[in-house]
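Top line first, the protein sequences correspond to chains A and B. Each residue of the first sequence is one higher than the one before, starting from 1 at the first, in our numbering. Each residue of the second sequence is one higher than the one before, starting from 1 at the first, in our numbering.
Incorrect hints may appear among the rest.
[Unchecked claim] Facing chain A, according to a computed beta carbon distance under 10 Å, are these residues of chain B, among others:
id : residue
1  : Gln6
2  : Pro8
3  : Ser9
4  : Gln38
5  : Gln45
6  : Phe89
7  : Gln97
8  : Lys98
9  : Leu99
[To be verified] Only pairs whose alpha carbons sit at most 25 Å apart, straight line, appear in this in silico DMTMM-like list of lysine to aspartate or glutamate:
id : chain 1 : residue 1 : chain 2 : residue 2
10 : A       : Lys57     : B       : Asp27
11 : B       : Lys37     : A       : Glu52
12 : B       : Lys37     : A       : Glu99
13 : A       : Lys100    : B       : Glu5
14 : B       : Lys22     : B       : Glu79
Hints were generated in silico from the structure; no laboratory data involved. In this text, a Cβ means the ideal position worked out from N, Cα and C, and glycines have one as well.
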Amino acid sequence: NAGVTQTPKFRVLKTGQSMTLLCAQDMNHEYMYWYRQDPGMGLRLIHYSVGEGTTAKGEVPDGYNVSRLKKQNFLLGLESAAPSQTSVYFCASSSDRGEKLFFGSGTQLSVL
Amino acid sequence: GENVEQHPSTLSVQEGDSAVIKCTYSDSASNYFPWYKQELGKGPQLIIDIRSNVGEKKDQRIAVTLNKTAKHFSLHITETQPEDSAVYFCAASTGFQKLVFGTGTRLLVSP
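So here's chain B without its partners, still in its complex pose (with noise of 0.2 Å):
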């Protein structure tokens, strides 16, 4: 089945800086890959998510990009914020009811 490796684990940054977080995916299959932002006591929210068929996409501060060839996708937060300190989710999926997450990146933006 599908496995998707998360990194790094943790990341820390000064406010405005940019933050990468990186995923890789081993099913070749896989055509659907949304990204998740848990913050502390809630549940996990959809922020972007990209299909095979599409090599990056954007909204404002926040970009995913994917790269089948080498089966791996980022995501890319660009002049950080505090409240984008976070838990973040990757995830892949083969298709109907198949959604598998990584194992999450803490993100802490320093003031």
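Isolated chain A (complex conformation) (with noise of 0.2 Å):
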């Protein structure tokens, strides 16, 4: 039972370097969701998906852009790291629409 996959798991960007992180879950969901998590400030929402092809801005949404090409995959991109960027990003999914998250295990960034 794999459930929601990132990848990848670390990875350290230098400052206006672009990437590109890859979610995929195997639950047949509907909806996708990625959030960052900082110390003490909880899990924020920067976009979400409520269906192959479409997305919508979350409550950070800005410095990422998002696709949903095919239903099983959420990709988050950063297209010009910033510091401020650095942190924990969760993909989840869901089928309940936004009701019991399924979360990955979560990809650690670093912006020098």
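Got two chains here, each in a separate frame; can you build the complex from them with the hints?
Next up, the structure:
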């Protein structure tokens, strides 16, 4: 039972570099999410998708882009990384309209 | 928008004791309140949730209570065990795609 798989698990970037985080789920969930987790700030929603081909902004979308070309995949892109984007990123999926989220194990990103 | 405050930020208990984590929310329209447990190096995992039409829900050693009038809800863990040590997050939702998390409580259960 893979559930939600995130790649990579760790990444170090230099300021201005770009990268893409991949999230894959095998539960046939319609809804997928990207959160960032920072110390003392809980989980904050970056972007989400309510189905294949759809995306929407969450609470903290600036500096990020997303795509959902296939139902099982949700990609998070950073076009020009900044130190403020140093964080742990979590992908989640749900079959229940934003409730009962299943999370991946996270990606630790450091931007130097 | 919704704001969720969570207390305490850290909680240390002895094995066998009870632990209580409290959250308050700001939006009276919130109607769904889940709790997630995050173990070290892992993603959060849903452990229990409650809807606004229910005052209390139990699942073995864990329970959640909701006071809509005061706009607060709590997680109760009885007979704590070392494996309960983790970070716990509360959250509140007004509906579709609007789940707002608290800042987390680190629970340490000492043998």
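Hints versus structure:
1. Given hint, Gln6(B) at the interface with chain A, holds; its Cβ is 8 Å from that chain's nearest Cβ, closer than 10 Å.
2. At a threshold of 10 Å, the smallest CB-CB gap from Pro8(B) to chain A is about 13 Å, leaving the interface hint violated.
3. Given the 10 Å rule on beta carbons, the hint for Ser9(B) holds: about 8 Å separates it from the nearest Cβ of chain A.
4. Contact between Gln38(B) and chain A, as hinted, is supported at the beta carbon level, the nearest pair being about 8 Å apart and thus within 10 Å.
5. Checking Gln45(B) against chain A by beta carbon gives a least distance of about 7 Å; that is within 10 Å, so the hint holds.
6. The interface hint given for Phe89(B) holds, since its Cβ lies 6 Å from the closest Cβ of chain A, which is under the 10 Å cut-off.
7. The beta carbon of Gln97(B) is positioned within 10 Å of a beta carbon in chain A (closest approach about 4 Å), and the interface hint is therefore held.
8. Residue-level restraint check for Lys98(B) holds (minimum Cβ-Cβ distance to chain A is 7 Å; threshold 10 Å).
9. The closest approach between the C-beta of Leu99(B) and any C-beta of chain A is roughly 5 Å, which is under the 10 Å cut-off, so the hint is satisfied.
10. Proposed proximity of Lys57(A) and Asp27(B) is supported: the alpha carbons are some 20 Å apart, at most 25 Å.
11. With a C-alpha separation of about 29 Å, the suggested pair Lys37(B) and Glu52(A) falls outside the 25 Å cut-off, and the hint is violated.
12. Restraint check for Lys37(B) and Glu99(A): the C-alpha separation of about 15 Å stays at or below 25 Å, so the hint holds.
13. Proximity of Lys100(A) to Glu5(B) is assessed by CA-CA distance (about 20 Å); at most 25 Å being required, the pair is judged to hold.
14. Simply put, Lys22(B) and Glu79(B) have alpha-carbon atoms about 18 Å apart, close enough for the 25 Å limit, and the pair holds.
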